[in-house]
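**Q** Protein chains in written order, with our numbering: chain A, 12 to 155; chain B, 12 to 155; chain C, 12 to 155; chain D, 12 to 155.
Calculated directly from the structure, the hints in this document are not laboratory data.
Predicted model, so just to flag it, every value in this text is computed and none were measured.
Idealized CB from N, CA, C, for every residue including glycine.
A few of these clues could be false.
[As the list claims (entries may be wrong)] Taking CB as the label site, the calculated pair distances span:
1. A:D94 / C:L150: 15 to 25 Å
2. D:E23 / B:R62: 46 to 56 Å
3. C:R66 / A:R108: 51 to 61 Å
4. A:W146 / B:P22: 26 to 36 Å
[To be verified] Among the chain D residues that face chain B by a calculated CB cut under 7 Å, a handful are:
5. R34
6. A36
7. T69
Number of protein chains: 4
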Amino acid sequence: MRLATEPSLDPETYPFHHRLRVRFAETDAMGIVHHSRYAPYLEEARVEFLRAIGRPYTAWREAGLDAAVLELWVQYRQPLHFDDVVDVHVRLATATRTAFEMAYLLTVGGRVHARAVTVHGCVTADGRPTRLPAWLPALVADAT
Amino acid sequence: MRLATEPSLDPETYPFHHRLRVRFAETDAMGIVHHSRYAPYLEEARVEFLRAIGRPYTAWREAGLDAAVLELWVQYRQPLHFDDVVDVHVRLATATRTAFEMAYLLTVGGRVHARAVTVHGCVTADGRPTRLPAWLPALVADAT
Amino acid sequence: MRLATEPSLDPETYPFHHRLRVRFAETDAMGIVHHSRYAPYLEEARVEFLRAIGRPYTAWREAGLDAAVLELWVQYRQPLHFDDVVDVHVRLATATRTAFEMAYLLTVGGRVHARAVTVHGCVTADGRPTRLPAWLPALVADAT
Amino acid sequence: MRLATEPSLDPETYPFHHRLRVRFAETDAMGIVHHSRYAPYLEEARVEFLRAIGRPYTAWREAGLDAAVLELWVQYRQPLHFDDVVDVHVRLATATRTAFEMAYLLTVGGRVHARAVTVHGCVTADGRPTRLPAWLPALVADAT
Chain A
12 MRLATEPSLD PETYPFHHRL RVRFAETDAM GIVHHSRYAP YLEEARVEFL
62 RAIGRPYTAW REAGLDAAVL ELWVQYRQPL HFDDVVDVHV RLATATRTAF
112 EMAYLLTVGG RVHARAVTVH GCVTADGRPT RLPAWLPALV ADAT
Chain B
12 MRLATEPSLD PETYPFHHRL RVRFAETDAM GIVHHSRYAP YLEEARVEFL
62 RAIGRPYTAW REAGLDAAVL ELWVQYRQPL HFDDVVDVHV RLATATRTAF
112 EMAYLLTVGG RVHARAVTVH GCVTADGRPT RLPAWLPALV ADAT
Chain C
12 MRLATEPSLD PETYPFHHRL RVRFAETDAM GIVHHSRYAP YLEEARVEFL
62 RAIGRPYTAW REAGLDAAVL ELWVQYRQPL HFDDVVDVHV RLATATRTAF
112 EMAYLLTVGG RVHARAVTVH GCVTADGRPT RLPAWLPALV ADAT
Chain D
12 MRLATEPSLD PETYPFHHRL RVRFAETDAM GIVHHSRYAP YLEEARVEFL
62 RAIGRPYTAW REAGLDAAVL ELWVQYRQPL HFDDVVDVHV RLATATRTAF
112 EMAYLLTVGG RVHARAVTVH GCVTADGRPT RLPAWLPALV ADAT
């Protein structure tokens, strides 16, 4: 496994969060949000994080780059329910020349419900691996 | 509304059916399959129908064509549940130069659970409307 | 078909709208939002509409009621793309003792992209059909 | 992190596999299967594995038990595309009194595309953690 980050359980350690509300369509017959539905939450928060730091994902795509997901890890600690208002806290955790990791903490009313890591590599529009843009490793260095 | 077809409630009137099993991920907190999850069932059956008649969807795409969905109608008569084995009956109902309609009946153990219609138009790879391939209207004429 | 409503193409005829942003997870290999993904948009807007008029869906469920979807109709006029900001305009269109219809118009920057109708019946917590709450037909009468 | 299993890259080390076909609805605007769509593939294979060993998931639920997902890890090695026929190889990897791990390998035509682990705990119908059924740890012991 490539992923090296253990996401902090303290929301204060994340520089950004994105708020969303659970859709009914995301619940399952156990009455809770289906575990496959967390990945789109992470993605939505990641997109907003990149927008917030001035590096919107649409600009990546216009530049012929994509951030392919190489690994996903989610730890489900407390279930989410329909209509819950979820804060997805996001942090750029590590970056090498070819891959970067993002850490996430999901809270509802300040209480931890889940945490997650995604590992990404840069690919060109036709899917070939390529170097990360230089600002990405720099951003990790700044945050440390 | 463009759709003109009222799908028959008799499975015998459909030339083809595709069998699938309900995934747990497709259920919702009412304990039944979420209504948004029927459209992928119809699509899966449509793909198998096209394969069965020797016009696989992958060949459409290789020929630079796509069958864009213009309209969708679903009538939910009996709920579907996790692990149900569903027969999706499919029929090419009508075709003009620019659009065609497909009719569907969903049964479980022979009992009707839902019916549906999709209306499609042909588009080129860059999304512009184009004429249907000639075999499509011919197929409707044959079936009548 | 039960549905009797033809949704207006004029956003001004809808008393409420809900704004949402397209997720990347909702796109498909044609580069546009998959047609099955509109139903959750309608549902999200419906939930917010009910909250706005003081009849939140969570209160329905606590009262042992659910609004089962009986029919769905969607007309796709212009595709939606990743990151589009979509206004889902909502209107309670008709109501009888046992069913009600909602009409929707989806716009991006004021331009119409889709319209839709959902037909709903009231069911008890164990799934049996029941009468609509009295405020629902009253609401339609008020709006006329 | 709780997960301790590193899934083998050799399909021969898995006692069971389930074959499925990628739906168009599961692709995204990168032209590949969206990373959130793998979890339902794992779930579908897990359901079939449990059925194959005579412990169907429906029987769990009738007995008032559910197998809550505690953790998910997926490593994406080669993308999946529309219409790909995917073999999801499954193995019960470890089990303690309160949790068990399943390992997965996804192949297309014998070539490895992804691997994954899910960690599960038993919960009662009202969501409280409970002991695993005795046959589960026994099954791991047998396999070793």
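**Q** Any CB of chain B closer than 7 Å to the CB of R34 of chain D?
**A** holds, 5 Å
**Q** Note whether the CB distance of R66 of chain C and R108 of chain A lies within 51 to 61 Å or breaks it.
**A** holds, 55 Å
**Q** Holds or violated: the 26 to 36 Å window for the beta-carbon distance between W146 of chain A and P22 of chain B?
**A** violated, 59 Å
**Q** May I ask you to test the interface hint for T69 of chain D with respect to chain B, counting a Cβ-Cβ separation under 7 Å as satisfied?
**A** holds, 6 Å
**Q** Using the nearest Cβ pair, does A36 of chain D come within less than 7 Å of chain B?
**A** Check passed: Cβ of A36 of chain D comes within 4 Å of chain B, closer than 7 Å.
**Q** For the hint 46 to 56 Å, verify it against the beta carbon of E23 of chain D and that of R62 of chain B.
**A** Cβ of E23 of chain D to Cβ of R62 of chain B: about 31 Å, so the range 46 to 56 Å is violated.
**Q** Confirm or reject the claim that D94 of chain A and L150 of chain C have a C-beta distance inside 15 to 25 Å.
**A** holds, 21 Å
The structure does not agree with the numbered hints 2 and 4 stated previously, though it agrees with the rest.
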